[in-house]
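Engineer: When you get a sec, could you build the whole thing from the sequences and use the hints?
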Amino acid sequence: MGGKKIVIIGAASATFGPKVLRDIAHFTELKGCTLSLVDIDAEALEAYRGVAERVNEAAGAELRIEATTERREALPEADYVLTSIAPPRNELWQQDWEIPKKHGLRPAYGENGGPAGLFHTLRNTPLLMGVCHDMEELCPGALLLNHTNPESRLCMAISRYSRIKVLGLCHGVMIVLPRLATLLGLALGDLDVVAAGINHFTWILEFRHKETREDLYPLLRERLSQAPSDFLPLSRLVFDRFGLFPTPDDHHIAEYLTFGAETGEHRPPDFGARDRGRAARLARWWQQARGEESLDEYFRGHSWADTLAFRIIDGEVNDRGHWLEAVNTVNRGRIENLPDDAIVEVPALIDRHGVHALHVGRLPQGIAAMLRREILVQELAVEAAIKGDRSLALQALLVDPVVDSAVAAERMLDEILRLQADYLPQFS
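First residue of the sequence shown? That's 7 in our numbering, and the numbers climb one at a time after it.
Keep in mind that the hints are not guaranteed to be accurate.
Said to hold, decoys possible - Have a look at the derived ranges for each label pair, beta carbon to beta carbon:
(1) H139 <-> R396: 21 to 31 angstroms
(2) S309 <-> E212: 19 to 29 angstroms
(3) T218 <-> D428: 54 to 64 angstroms
Just so you know, these hints were derived from the structure itself, not from any lab.
Computed from a predicted model, the values in this text were never measured in an experiment.
Idealized CB from N, CA, C, for every residue including glycine.
Structural biologist: So, in structure tokens, the structure goes:
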């Protein structure tokens, strides 16, 4: 037990960092493991390290904690590498949203699908491939647990263009469940789901009460018929037409659908609020590192919203049969009517022998058709990102179902290639 080395790249992320701290507080049977924190923001990393050391001591976790701004210093002898990295996130995400809108499109969330999904892929693929190339040299047997979006596309690039073992981890399957539980008059813990598909476009195949094993789909249909019209209107439309309820929610699935804006406009995150939140989080970390503020937020009930990575590590190290609602992995027949080499999102079981992604069989034909189309878009986007090929990037836009203008596609691609050139070295 223990003794493993866990490297976290992007540790001082304002969103991801607190989840890791909660995991330190709750997975206390990883004693003897080394936690190597890596972030290019030296100030944030120093504050974060201080909090991590205090949480480690308060929890009695007995981890060995180290920190560096240079990932190559951390990677040798790593057993697990967690990634949560991106170039200036909010600034570029805002461009991903505004430029398609400027050229006449109706963007959705602006993250994993549509034009923004392509732009996100072009930027983040070189970053993740750089990590993989370092891992091939310094820790070739380590498992990469990626939390960076777009999950499906980045995992596809890694699985096809590196020798590194990778799993993509995302809470998307769980995002809609609190709202459905409330609608049904149940506690979140009462719900037991099996979902499968691709990241941010998954489908609840089984929807049951955890204790009674009752099929909850009939009750869901009844309650949705009585729900207000503004309760997940796009998800309800898709559920009505295709027979399974989609996850995570309307603005995520809208990125993959020609008719995604038909039930209403979708809005991006509040970028200003996200920037202010990061500044507030850094100030809070400094206060916590100095002992001026409580650590209670990290010791409250552990939930699905914390990292999935530590469930994997604890399951393998301590031979625990953890259940994961979703992992992103190479298909290899797990969803029978999707390509074998696609990246799919399916449930998994964890034990000392590793991660066992489950076989879920065939999806309904209409759903599989939508997913196969998106997988083809992903393949073009990944090839464009790896090769720095403008022609392939343009093709990825032109075959995307949410792009309805060839002129707009070319104009917005060229604008992004110009504005974000500093983060697109493969196109130089």
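Engineer: Work down the list of hints and note, for each, if the structure agrees.
Structural biologist: Status of each hint after checking the structure:
1. H139 <-> R396: 21 to 31 angstroms: Distance hint for H139, R396 holds at roughly 24 angstroms.
2. S309 <-> E212: 19 to 29 angstroms: 22 angstroms, holds
3. T218 <-> D428: 54 to 64 angstroms: 56 angstroms, holds
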